[in-house]
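Student: Chains as they are written, first to last, in the numbering used here: chain A, 1 to 399; chain B, 1 to 399.
Keep in mind that the hints are not guaranteed to be accurate.
Note that identical chains are pooled: a pair holds if it fits in a single copy or bridges any two copies.
Said to hold, decoys possible - Simulated crosslink set (SDA-like; lysine to any residue; CA at most 25 Å straight-line):
1) K53 to E281
2) K120 to E349
3) K53 to E331
4) K53 to E342
5) K351 to R203
6) K53 to D344
7) K57 to E341
8) K120 to D211
Because the hints were derived from the structure by calculation, they are not lab data.
2 protein chains.
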Amino acid sequence: MKIRFIEGGVCAVDGVLAAGCREGKYGVGLIVTRKATAAGVLTSNRVRAEPVKLTEKVLEGGRISAIVANSGNANCFTGRDGMDDALRMARVTAESLQVDAGEVAVASTGVIGRRMPIRKIESLIRMAADQLENSPEASGNLASAIMTTDTFPKEVAVEFQLEGGETARIGAVAKGSGMIAPNMATMLSFITTDVDASPSELREALRRAVDDTFNMLIVDGDESTNDMVIMASTCKSGRIDENFTEALGVVCRELARMMARDGEGATKSFQVDVVNARTREDARRAARAIAGSSLVKTAIFGADPNWGRIVAAAGYSGAEFDPDRISVTLESENGSVGIVEEGDVLAFEGKPELELAERIMGDDEIRITVDLNAGSESATAYGCDLTYDYVRINAEYTT
Amino acid sequence: MKIRFIEGGVCAVDGVLAAGCREGKYGVGLIVTRKATAAGVLTSNRVRAEPVKLTEKVLEGGRISAIVANSGNANCFTGRDGMDDALRMARVTAESLQVDAGEVAVASTGVIGRRMPIRKIESLIRMAADQLENSPEASGNLASAIMTTDTFPKEVAVEFQLEGGETARIGAVAKGSGMIAPNMATMLSFITTDVDASPSELREALRRAVDDTFNMLIVDGDESTNDMVIMASTCKSGRIDENFTEALGVVCRELARMMARDGEGATKSFQVDVVNARTREDARRAARAIAGSSLVKTAIFGADPNWGRIVAAAGYSGAEFDPDRISVTLESENGSVGIVEEGDVLAFEGKPELELAERIMGDDEIRITVDLNAGSESATAYGCDLTYDYVRINAEYTT
């Protein structure tokens, strides 16, 4: 199937309106998808922000008319006041758009444990409601409004053909793993589409895509109290099928890569492909262990083709394999080189393999392939380097 | 029971001889405990160094006469040559000491994937064999010889009374989570005692102590291919009992604390006590998640009393609890302060709690107590801050 990348973010889907406004450290983004079929994947953290609790209920209805998202305050650990504020965001959005407040999903990201500056957020919601449009600019404003320490807005949109021949689209925005101290990395993503599906069909497709992409993205391993992915469909194109699932996977993977590139303090991003694992779970474990290893992450920062740390991370991941049969390949736009082959180290001093490996590790985007030679399952994880700036950003005291 | 800290490290136990020599980046330590009853806990990493494989076999006999340990080369990922070198270390040690080579445990730490400089190591073994003594200095030399990027040698010894009234001793040395790139944090610990026990009794006691201490120590979450704890007993005192188990726990806890203090690039160490968890496993999970969180570790570096990161780490740990009932207390020699009480945040701007919390977080040794209010089980984890120096040490290229 051919998947074509197009402009427009969430507004690539016909009939979707978006807007975003920002004032200082607070931003509000709106997406309007009247009576859209919807599904979501919410944080599995036991500590959940109030908007997460509210949106979970809204999604139970399988239908949303709008999404309102703010940056600057996570509305987490704010108790009953926090729930009042989340409900208020939904109500003000509903009034401005003339939709049912019970069909408004609410998302927040920012500082935790502090009451929402609700008046400011309300005025931003009203301001955004006046600027709603179906245009690439509108989606861009939305993507910018929900940024926290992100350094660039994140949008993807694709067009593809369903099995029946109908043209369908998926559009998306996301905010990545920026931190608003004293908070943790929060990821939000909103996805629109026009494929015809029930809420449970959307949920199943979303769950699979999230599992292979966002759930395989590791910036620092801390899971936020506010993470949220919501997908809404106008249902105006053909029936949901495997082509849709594939295209959704591509969209989520692109967003995950952008978030890896924009990880806090990151100077480089990398992808870990674990192949020929005994089970899918083994492949996922090994890929995540390598992408999450502080030692691998600092080696990438230091441009050190450190096969030892890669192999050792696979070793403690819980995946089954024979160390004497493992192979490791590094790849970038500068080329590709095997540094370990069936347990033999190839990249040592004086060998051309080491030189090439060092050149590759100097690049901004690196792909590490680990062949466990233990089966036929594979998985991919996404990560970024661990840098002085990560420490600086996260060690600085917040006020 | 009263446990008295004494001098002497492994040599606090009568009849134990020790020595240590160093030449440049290579060091060799020897412990001689003729026909001692022995047990060990070895790395669970699937990638295991050759000396780990050899020592596993030696320990199956339940008896060791000597331990030989080298720093500077981990003898890992070195294949058949590596096993030859490990066997050679055992043989040279056995010849020098006139003991059975099958009763010599071998440990290595340092760079991985490179052949051992076996001639140099052999000459260091012979040199050390000539300096064997039962003295505090000898144990100190041993502790120094096995250091890699450790900044101080680590020794503990205690004296206590068994239930039957006999005086017993436990002595120990350790090397901590220093890294010799391109390697990972390796921890080695050698423990001597005079309690009368079978190998399986020793193993059971050691397993319990390791589980509560070394296995709860997190520097960067990477598990080494070379980790090894060996305990050897002369069996000259009374029978093993609960007093011994308690004393062994104290010894291992002290070593774990020293290793946390000496974590790579660390400026501070901290302890996380999770109390009133539903299950022991819940308590362990939450304590480890908090101690291992990059966000908590950078907050400690930045002296930021960031309750949000602590609570969120507990939230994603998998432990069951109600966020509205969680309490968090910070403590140091400067005092103690509750920053979250049954879900209410106490340490916010303008409150004296915040000021005191900031002062406490400025100290070198911090204790974080998290009360989950969900049961009666507890666990403790040990950690250190994540600093610029951690990144520098681990990002620098090795040659």
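Student: Does each hint hold? Answer for all of them.
Tutor: Right, here's what the structure says about each hint:
In this assembly of identical chains, the alpha carbons of K53 and E281 never lie at most 25 Å apart, being 30 Å within a copy and 27 Å across copies at closest. When the C-alpha separation of K120 and E349 is checked against a cutoff of 25 Å, the pair qualifies only between copies, where the shortest distance is 20 Å, while the shortest distance within a copy is 60 Å. Taking the shortest alpha-carbon separations for K53 and E331, neither the intra-copy value of 42 Å nor the inter-copy value of 33 Å comes in at or below 25 Å. Only between protomers do K53 and E342 lie at most 25 Å apart by alpha-carbon distance; the minimum there is 20 Å, versus 49 Å within a single protomer.
In this assembly of identical chains, K351 and R203 lie within 25 Å of each other by CA distance neither inside one copy nor across copies; the values are 51 Å within and 45 Å between. For the homomeric pair K53 and D344, the shortest alpha-carbon distance between copies (18 Å) is at most 25 Å, but the shortest distance inside one copy (52 Å) is not. Within a single copy, K57 and E341 get their C-alpha atoms no closer than 51 Å, and across copies no closer than 28 Å, so neither meets the 25 Å cut-off. Taking the shortest alpha-carbon separations for K120 and D211, neither the intra-copy value of 36 Å nor the inter-copy value of 51 Å comes in at or below 25 Å.
Hint compliance for this structure: hints 1, 3, 5, 7 and 8 are not met, and every other hint is.
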